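Chains as they are written, first to last, in numbering that gives the first Met the number 0: chain A, 0 to 380; chain X, 0 to 380; chain R, 0 to 380; chain C, 0 to 380.
Hints may contain errors.
Claimed, not checked - Chain C stretches covered by chain A per the calculated footprint, using a threshold of three residues with CB under 8 Å from any CB of chain A:
#	segment
1	40-54
2	227-237
3	256-266
4	320-328
As the list claims (entries may be wrong) - In the DSSO-like style, the derived pairs of lysine-lysine whose C-alpha atoms are separated by at most 30 Å in a straight line are:
#	chain 1	residue 1	chain 2	residue 2
5	C	Lys272	R	Lys191
6	C	Lys2	A	Lys70
7	X	Lys342	R	Lys45
8	A	Lys173	X	Lys173
9	X	Lys154	C	Lys154
10	A	Lys154	A	Lys272
11	A	Lys154	A	Lys218
12	X	Lys372	X	Lys173
13	R	Lys70	X	Lys2
14	A	Lys45	C	Lys342
15	X	Lys154	C	Lys2
16	C	Lys191	R	Lys218
17	A	Lys218	X	Lys372
18	X	Lys272	C	Lys272
19	A	Lys154	R	Lys154
20	C	Lys2	A	Lys45
21	R	Lys154	C	Lys173
22	R	Lys272	C	Lys191
23	C	Lys218	X	Lys272
24	A	Lys173	X	Lys154
25	A	Lys173	X	Lys272
26	C	Lys43	A	Lys2
27	X	Lys43	R	Lys348
28	R	Lys2	X	Lys2
29	R	Lys173	X	Lys2
30	X	Lys272	A	Lys147
31	X	Lys372	A	Lys372
32	A	Lys43	C	Lys2
33	A	Lys272	X	Lys173
34	C	Lys173	R	Lys218
35	A	Lys362	X	Lys154
36	R	Lys45	X	Lys45
37	C	Lys45	A	Lys342
38	R	Lys173	C	Lys362
39	X	Lys348	R	Lys342
40	C	Lys181	R	Lys272
Calculated from the structure, these hints are not laboratory results. Just so we're clear, the structure is a prediction, and the values are computed from it rather than from any experiment. Ideal Cβ positions, reconstructed from N, Cα and C, are used throughout, including at glycine.
There are 4 protein chains.
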Amino acid sequence: MRKIRMGMVGGGRGAFIGAVHRIAAAIDQQIELVCGAFSSTPEKSKLSGQDFFLPEERCYANYEEMILTEKTLPEGERMDFVAIVTPNHMHFAPAKMAIENGFHVLSDKPACFNTEQAEELEAIVAQSGLLYGLTHNYTGYPLVKQAKEMIADGKLGEIRKVIVEYPQGWLATKVEDDTEQKQAAWRTDPTKSGAAGCVGDIGTHAENLAEYITGLSIKELAADITAFVDGRLLDDDANILLRFDNGAKGILHASQIAVGDENNLNIRIYGEKGGLEWRQLEPNTMIVKWLEEPMQIYRTGMGYLGEAASNASRTPAGHPEGYLEAFANTYLNFISQIREFQKGNKEIKFEYPTIADGVRGMKFIDAVVGSSKNNAAWTAL
Amino acid sequence: MRKIRMGMVGGGRGAFIGAVHRIAAAIDQQIELVCGAFSSTPEKSKLSGQDFFLPEERCYANYEEMILTEKTLPEGERMDFVAIVTPNHMHFAPAKMAIENGFHVLSDKPACFNTEQAEELEAIVAQSGLLYGLTHNYTGYPLVKQAKEMIADGKLGEIRKVIVEYPQGWLATKVEDDTEQKQAAWRTDPTKSGAAGCVGDIGTHAENLAEYITGLSIKELAADITAFVDGRLLDDDANILLRFDNGAKGILHASQIAVGDENNLNIRIYGEKGGLEWRQLEPNTMIVKWLEEPMQIYRTGMGYLGEAASNASRTPAGHPEGYLEAFANTYLNFISQIREFQKGNKEIKFEYPTIADGVRGMKFIDAVVGSSKNNAAWTAL
Amino acid sequence: MRKIRMGMVGGGRGAFIGAVHRIAAAIDQQIELVCGAFSSTPEKSKLSGQDFFLPEERCYANYEEMILTEKTLPEGERMDFVAIVTPNHMHFAPAKMAIENGFHVLSDKPACFNTEQAEELEAIVAQSGLLYGLTHNYTGYPLVKQAKEMIADGKLGEIRKVIVEYPQGWLATKVEDDTEQKQAAWRTDPTKSGAAGCVGDIGTHAENLAEYITGLSIKELAADITAFVDGRLLDDDANILLRFDNGAKGILHASQIAVGDENNLNIRIYGEKGGLEWRQLEPNTMIVKWLEEPMQIYRTGMGYLGEAASNASRTPAGHPEGYLEAFANTYLNFISQIREFQKGNKEIKFEYPTIADGVRGMKFIDAVVGSSKNNAAWTAL
Amino acid sequence: MRKIRMGMVGGGRGAFIGAVHRIAAAIDQQIELVCGAFSSTPEKSKLSGQDFFLPEERCYANYEEMILTEKTLPEGERMDFVAIVTPNHMHFAPAKMAIENGFHVLSDKPACFNTEQAEELEAIVAQSGLLYGLTHNYTGYPLVKQAKEMIADGKLGEIRKVIVEYPQGWLATKVEDDTEQKQAAWRTDPTKSGAAGCVGDIGTHAENLAEYITGLSIKELAADITAFVDGRLLDDDANILLRFDNGAKGILHASQIAVGDENNLNIRIYGEKGGLEWRQLEPNTMIVKWLEEPMQIYRTGMGYLGEAASNASRTPAGHPEGYLEAFANTYLNFISQIREFQKGNKEIKFEYPTIADGVRGMKFIDAVVGSSKNNAAWTAL
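Using the sequences and the accompanying hints, generate a full structural model.
Written as structure tokens, this is what we have:
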């Protein structure tokens, strides 16, 4: 056995999510970063590569060069997969080219700039037989997996109500006007972010989390989205009514103007027999509720957890795991599946979000934007 | 000075809210229960009166008898006001008759069975010059008053977003079929509860709280209400999008099928400069949020609170006050205004919910039910 | 049946604990305040009596006059019991005189100024056959009673460790120098407070709570007490090691210089099979811990609670009860026992702290002060 | 620049803390594991090395072989430092040998089996001029560093009281009898753990944390330690009174029989002007308390934090960091200092626990065990 070799597109000096991906890839010591096209500026790409101790010849000027050159290297030396950590509008092209040249892809979300791209990519991936993963990283938390398992096992009974929230406050003022704030700049720019701002950036995480845990699909939604900050071109707030395919009802709201809120993704789910509540800010605790018995506090790392949650933690209970470990779980499952692939095994044995989740997310954005333009009319998803 | 004299309609043995009203009235030792028509069954009314140490002649067979007889007693002996603690469909008639016979009224909410009654009552009250209070008791909490004051003072800046929630779980199964469950029975019966179930019972509290704290009005709403429990005739769950008169957006959701939730009214408000969060289950704590500074924990009874909050607590910080004390604040303010009235002072010096809040609540119910029938179409309030 | 009649010693205008006692007595509408000697200044006593709507002739100049005069009134008109709410040094004399003149006594804690008085009072009470209650009010909380019941039932197994804390911060500076701060002044004055400051004022509550819930007795202790504020004559901080009669170990610490802490009495108890945790600041929640199963959240008012806890709450779950309701539970049980007494029934059917707890508290103060003078030597209790 | 090369002693298959060290070393991608003596069984050492993708020739049979062989390799190929992750009784010998052969050492805690060894090691380290780090990893949390900085800056005023707790419950039954429970077995074995059980394993973390944050030294202590579980040879519970060099008082308690507690290290500190509270289980939140102002909630990653805390986090606020990231901070600072060393710079520019902390910890164990044998007599540290 050897480490799985990763090439990276984007994520040069100063980027946020690129550094997160590299840590996530490093945590389990199963992945080696072997090359990258870290910036659209070739010189910056080289400098970034030095930070990561890469040889100069594997710090490429752009992703095209990286893919075509790596392809020529022998197996075991060339990269095994490409991690794409660019802004939204630059997800599709490198993903497409990587797949078409025989490389697996792990991409940041949302999968693409729009639904058309996502559906095209889905077809390409299907045709290739290669693996495509999407870092809907919040599904990597152990207790999120526990929640999914308990619901699948019927512990809560038929699900009736889902409330999923994602309030942030960092865009409560027009920070994108500050040239230092690159994270804010592209996220609020329709040419880079896509049809939605807040909805695409974090709303899709909320949508994905709700469908992942419950196993249900949002059938239709009624959305009221707003750009509260003067001069902002994309939504910074969204309030959405949900109807699920089993008849459950729900609410999804996301915001980037929720002053003082950090990254407060959370979900509450109520079934006929029980309920549960999980908050990303304190991710190692989940409250489970019952009709007649006291609420219970489920905690990461405890022996009573199911297999999925147990496999997703690295330390005993009371040694808090966080965002990076959850992110690492997505990486670990993805490259574990690559190992299967390399052994010739095509069956999916490890769970990670795929291009199907990516298409779903893009359709969610379309539905939300469409509904809101139509004064919150119910819109199918 | 003497104690203010209270007569009570409803609230006999086994009733929930009647007992709450009596405790709330007793806490500050300014009110004396002098008579009552505690039950529609005359004998039960008598027995209940014995529990409260009342003389037999002032335990009336019905509210009509109570009002007419008390009217004949000399001032200082006869009741000063009537507390109405019956189910919804029996609020209007005794309130109307009490006012028309010269008695102030403090009624449980919602004010009436429907909007027509509420508007008629509003006119009667206005004409009479008498006082009418409505126990939207959650506005009695000290930190709720603090929140209102801080927003009125502009501490949070222009309000952009309001999330108000009221999940309960006690009607998650069909408990109204159990003959012991009288509280459930009338609340789920359209002939007693009115046009709405959950929305009338607790949704109106959420609506009232949001408008009270923010000082804003809900301009229109889009509602999706549901009766999840088979065979239930009224809604037991409601998800509602809100638009306020200043352009703020919001969400109100209420539920009685949220398994394991007790009485979890809570509100989060975000302005341009700050935010706040208050939860009824831990009512002595309020989180205040700022753009750049650490969040703060405001606590009941502390010296840094404003006048409204300070006047509304009875113990030093760290001696938790609860639901009954908040309820008592509504009583105390109402009878303090009666004292003003009795001194001939008509100016409103004490704050308590009035028939205007009652009419507002009934219109809210109408709008929610109407919107939901119309597939969540935006409906003006 | 009639209301039980209360006379009060102390608690005039501006007093803290007197007002608390009056509210606690009022909440359940079973007690009527009929007379008082509210202040050592006769005129102030009269004015206070007016606030409580008492006839002038029953606002006495001092407790001696009150006791002797009330004794001459017919049964059913005269007071049934005396509530003593004066500073510590004035507990003994009125309690003794009341008992000796045939009145039951409910006294604020600590029972007396020193152990000698407490033991003398214990003898007097025993001889009289009358009822003496002590407001160790924190034992009145429903979940405290639940904890006691669960431990008595063996749910946690043999108890091994107890941690009881009582940090306050209000005396972190020399507030007693401010003439407005009467509460601070007498508590820090050895001629009024007794041999201890913090230890007597709040340490005794912690001791009482630990012994009450566990059913164990502190066998010996090692104490290190300190007066941190310059010029303060009594301790404002105490750190104490505990050994219980069953071999359990523990810690008790109390402080009045714990800046920013309000009134944070709390207790954690660990047995061989389980543990529990209760905090007075959020008194309606108790965490119960198990060897292998998830922690549970016990909540006031829920149907799964035992009889003691159920009887001690007035509202359904989710309607928070607080300090005043817990205090009222002590009152309610005490006067319920008076009703038994008045029916000729001497058997104790209702639970409330008695003079035995009072003697225990005084001995605790002696042991702590003695141990600390002896450099924290183990001292029997 | 290149990665810093790590050799590991201990930490083979099935070990807990070895895996933690490897993740901590991996997170920042600055360290490469190049060799190891992972087990006292040579074959097991080889197998473990395969798990980490090491060449067979660098999976050594024992630490002596590793040190002597690596020494012969050229700089840049040979390991730069040795990480020691064995049970306590095997810390000293490899540390001594590594230092004596020119390798820096990063050791798990406690530093040695007893004080004599620790003092000998201190002398050896001093003489060598090499770097020795000790993984008192809890000091690696961002908010722990923030607390230290605020106190050093005088924000809280002179410190008066410190309460540090470390309750765990995993040894509440005799799990060491289960042959699967290797972690429990050596920790409860005096020949492997040292003079103390709970006190050495976790009490030293609490001692280190308290002294680290406050900048104070424990001057003397009075300890009452217990082995609650029948047949256990070392303490599983400790209650300790503390006196600090500036006159502050404190409490340290640690337990491994606190049923249901996971790994609940926490600390509260009170000064003349303010206080603070931090809990390892929710490590990204710190409550800061003031005399007159509302409490504040400090959060990892926020812009208002000081330099030390800011440097110690990798993600924006709201992306929870945990135990592994804190542990990684100790690694990162240690190898950053190695980089300085390799540049010829002997000045300490990065903060990490050293052999001085190790000696301190061993003396703490001695003082606790000595005091407890002497019935909790005050014992100097």
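Hint-by-hint comparison with the structure:
Coverage of the segment 40-54 of chain C by chain A holds. Counting CB-CB distances below 8 Å, 3 residues qualify, and the rule asks for three or more. Figure legend: the segment 227-237 of chain C, annotated as covered by chain A; annotation inconsistent (0 residues with Cβ-Cβ distances under 8 Å, at least 3 required). Proximity of the segment 256-266 of chain C to chain A, defined as three or more residues with a beta carbon under 8 Å from a beta carbon of that chain, is established by the 4 residues found. Only when three residues or more bring their CB closer than 8 Å to a CB of chain A does the claim for the segment 320-328 of chain C stand; here the count is 5, and the claim holds.
With a C-alpha separation of about 28 Å, the suggested pair lysine 272 of chain C and lysine 191 of chain R falls inside the 30 Å cut-off, and the hint holds. Distance restraint check for lysine 2 of chain C and lysine 70 of chain A: the Cα-Cα separation of roughly 27 Å lies within the 30 Å cut-off, and the hinted pair is therefore satisfied. Restraint check for lysine 342 of chain X and lysine 45 of chain R: satisfied, since their Cα atoms lie roughly 24 Å apart, inside the 30 Å limit. A distance of roughly 50 Å separates the Cα atoms of lysine 173 of chain A and lysine 173 of chain X; the hinted pair therefore is violated under the 30 Å criterion.
Only pairs whose Cα atoms come within 30 Å are accepted, and lysine 154 of chain X paired with lysine 154 of chain C is accepted, the gap being roughly 26 Å. Proximity of lysine 154 of chain A to lysine 272 of chain A is assessed by CA-CA distance (about 7 Å); at most 30 Å being required, the pair is judged to hold. With a C-alpha separation of about 23 Å, the suggested pairing of lysine 154 of chain A with lysine 218 of chain A holds against the 30 Å cut-off. Among the hinted pairs, lysine 372 of chain X with lysine 173 of chain X is consistent with the structure: their alpha-carbon atoms are about 23 Å apart, no more than 30 Å.
For the given pair, lysine 70 of chain R sits about 27 Å from lysine 2 of chain X by alpha-carbon distance, which is consistent with the 30 Å threshold. This hinted pair checks out: lysine 45 of chain A and lysine 342 of chain C have alpha carbons roughly 24 Å apart, not beyond 30 Å. Between lysine 154 of chain X and lysine 2 of chain C the CA atoms are separated by roughly 51 Å; this puts the pair beyond 30 Å, and the hint is violated. At most 30 Å may separate the alpha-carbon atoms for a hinted pair to count; lysine 191 of chain C and lysine 218 of chain R exceed this at roughly 35 Å.
Between lysine 218 of chain A and lysine 372 of chain X the CA atoms are separated by roughly 19 Å; this keeps the pair inside 30 Å, and the hint holds. For the proposed pair lysine 272 of chain X and lysine 272 of chain C, the alpha carbon gap of about 28 Å is at most 30 Å, so the pair holds. Between the alpha carbons of lysine 154 of chain A and lysine 154 of chain R the distance comes to roughly 26 Å, so the proposed pair stays at or under 30 Å and holds. Between lysine 2 of chain C and lysine 45 of chain A, the direct Cα distance comes to roughly 17 Å. Compliance with the 30 Å bound is thereby established for this hinted pair.
Between lysine 154 of chain R and lysine 173 of chain C the alpha-carbon distance is near 20 Å, which keeps this suggested pair within the 30 Å criterion. Distance check on the hinted pair: lysine 272 of chain R and lysine 191 of chain C sit about 28 Å apart at the alpha-carbon level, within 30 Å; holds. A hinted pair counts as satisfied when its Cα atoms are at most 30 Å apart, and lysine 218 of chain C with lysine 272 of chain X does not qualify at roughly 48 Å. Distance restraint check for lysine 173 of chain A and lysine 154 of chain X: the Cα-Cα separation of roughly 20 Å lies within the 30 Å cut-off, and the hinted pair is therefore satisfied.
Pair hint lysine 173 of chain A plus lysine 272 of chain X holds up; C-alpha atoms about 13 Å apart against a cutoff of 30 Å. As the CA atoms of lysine 43 of chain C and lysine 2 of chain A are separated by approximately 21 Å, the hinted pair is consistent with the 30 Å bound. For a cut-off of 30 Å, the pair hint linking lysine 43 of chain X to lysine 348 of chain R stands: about 29 Å separates their Cα positions. The suggested pairing of lysine 2 of chain R with lysine 2 of chain X holds, with an alpha-carbon distance near 17 Å, which does not exceed 30 Å.
Proximity of lysine 173 of chain R to lysine 2 of chain X is assessed by CA-CA distance (about 40 Å); at most 30 Å being required, the pair is judged violated. Distance hint between lysine 272 of chain X and lysine 147 of chain A is unfulfilled; the C-alpha atoms sit about 38 Å from each other, more than 30 Å. Simply put, lysine 372 of chain X and lysine 372 of chain A have alpha-carbon atoms about 22 Å apart, close enough for the 30 Å limit, and the pair holds. For the given pair, lysine 43 of chain A sits about 21 Å from lysine 2 of chain C by alpha-carbon distance, which is consistent with the 30 Å threshold.
Restraint check for lysine 272 of chain A and lysine 173 of chain X: satisfied, since their Cα atoms lie roughly 13 Å apart, inside the 30 Å limit. Among the hinted pairs, lysine 173 of chain C with lysine 218 of chain R is consistent with the structure: their alpha-carbon atoms are about 27 Å apart, no more than 30 Å. Proposed proximity of lysine 362 of chain A and lysine 154 of chain X is contradicted: the alpha carbons are some 40 Å apart, above 30 Å. Distance restraint check for lysine 45 of chain R and lysine 45 of chain X: the Cα-Cα separation of roughly 37 Å exceeds the 30 Å cut-off, and the hinted pair is therefore not satisfied.
For the hint pairing lysine 45 of chain C with lysine 342 of chain A, the CA-to-CA distance comes to about 24 Å; that is within 30 Å, so the pair holds. With a C-alpha separation of about 38 Å, the suggested pair lysine 173 of chain R and lysine 362 of chain C falls outside the 30 Å cut-off, and the hint is violated. Pair hint lysine 348 of chain X plus lysine 342 of chain R does not hold up; C-alpha atoms about 48 Å apart against a cutoff of 30 Å. Taking the CA atoms of lysine 181 of chain C and lysine 272 of chain R, the gap is near 23 Å; set against the 30 Å cutoff, the hint holds.
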